[in-house]
Amino acid sequence: MTAPRDLDPVIHAQARLRVMTTLNALGEENQITFPGLKDLLGMTAGNLSVHLTKLEEAGYVEIVKTHRVRTPVTYVALTRQGRRAFEDYTAAIRELLDLT
Amino acid sequence: MDRLEDDERPLSPEETLRLIEEQQARTSMRLGGDPLMIYTSWGVAWLAGFGALFVHYAYGSITQNMALAVLFPLMILAMAISSFAQRKGAAGQVRGESSVRGTMYGFAWAFGFACMGALGTRLSPLLPPDESGLLWGVMSMTIVAVLYMAGGAIWRVPMMFFLGAGVAVLNVIGAVGGPGLHALLMSVGAGGGFAVVGVVQWWRQRDRA
Numbered sequence: 001m002t003a004p005r006d007l008d009p010v011i012h013a014q015a016r017l018r019v020m021t022t023l024n025a026l027g028e029e030n031q032i033t034f035p036g037l038k039d040l041l042g043m044t045a046g047n048l049s050v051h052l053t054k055l056e057e058a059g060y061v062e063i064v065k066t067h068r069v070r071t072p073v074t075y076v077a078l079t080r081q082g083r084r085a086f087e088d089y090t091a092a093i094r095e096l097l098d099l100t
Numbered sequence: 001m002d003r004l005e006d007d008e009r010p011l012s013p014e015e016t017l018r019l020i021e022e023q024q025a026r027t028s029m030r031l032g033g034d035p036l037m038i039y040t041s042w043g044v045a046w047l048a049g050f051g052a053l054f055v056h057y058a059y060g061s062i063t064q065n066m067a068l069a070v071l072f073p074l075m076i077l078a079m080a081i082s083s084f085a086q087r088k089g090a091a092g093q094v095r096g097e098s099s100v101r102g103t104m105y106g107f108a109w110a111f112g113f114a115c116m117g118a119l120g121t122r123l124s125p126l127l128p129p130d131e132s133g134l135l136w137g138v139m140s141m142t143i144v145a146v147l148y149m150a151g152g153a154i155w156r157v158p159m160m161f162f163l164g165a166g167v168a169v170l171n172v173i174g175a176v177g178g179p180g181l182h183a184l185l186m187s188v189g190a191g192g193g194f195a196v197v198g199v200v201q202w203w204r205q206r207d208r209a
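Chains A and B supply the protein sequences, listed in that same order.
Under the UniProt record's numbering, the letters of the first sequence match residues 1 to 100, in that order.
Under the UniProt record's numbering, the letters of the second sequence match residues 1 to 209, in that order.
Isolated chain A, as found in the complex (with noise of 0.2 Å):
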């Protein structure tokens, strides 16, 4: 099976999807650390980081690294453009189940 051509092929994966929905979740200007979106997602700290790359360079997440007290903290977030691709997709897909 092949993706419907309406669909973002980048969201279109379900790891990755599965990330941008759960970074959506989080609401507009919140940010998740690494560790805690990785136990969110039940995946691997590897696994994750690819994906994260992926939707990085499509502008859809922005990873900020910086320091808490001491120790160095990674925090992921939907960028703007990330939220509206992802609003988009699943508008895409409720049209393709009749379901707007």
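Keep in mind that the hints were calculated from the coordinates and are not lab data.
Keep in mind that this is a model prediction, so the values were computed, not measured.
Wrong hints could be hidden among the right ones.
Claimed, not checked - Subject to a maximum C-alpha distance of 25 Å in a straight line, what follows is the list of computed DMTMM-like cross-link-like pairs (lysine to aspartate or glutamate):
1. A/LYS38 with B/GLU15
2. B/LYS88 with A/GLU29
3. A/LYS65 with B/GLU97
4. B/LYS88 with A/ASP39
5. A/LYS38 with B/GLU22
6. A/LYS38 with B/GLU97
7. A/LYS38 with B/GLU21
8. A/LYS54 with B/GLU15
Go by the hints and put chain B onto chain A.
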């Protein structure tokens, strides 16, 4: 990298929508914290604390001060446990607008109980002992009910809102019915209800994990 190939398999629209809905539900549940610590801790506090107050009103076998000495420390413990669960859970890994909201919400609890303490200390010496116990009980549960409803509205968690509304209804009935009825409703209704909801939610969360 083990499952990357399999993960890349495109899904049908039905599978996709199901995956989105399940992942949204799982994320919301995990962000809500451990239900046993969030709900059941409060349930046990009320079950035991208001249960002790009911024993005092119905049988007189313990003093009111002894019953309140069970209720309030347990409520403070429940508040500490539930806020610890929030910080240690998935929500503790989130920074930004929602964590600011959570901090403000936490302060609302502290300020609410501070107001209750001031008013109760002022008014209870003027009341007969049983009415004084009722005043403390109704005031504390008013704060709980209102803040649970507000929390449900802030985080859009209907169950939290309805639990708060349920406590408010029982609180009104108890306030009108008198100290014994209020203690019984808060112990069995609110306490039992929260304890059961916590266990059921925990069970559902385990199934989804």
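Open item on the list: Of all the hints numbered above, which does this structure not satisfy? Sort the numbers upward.
Closed with: Violated hints: none; all satisfied.
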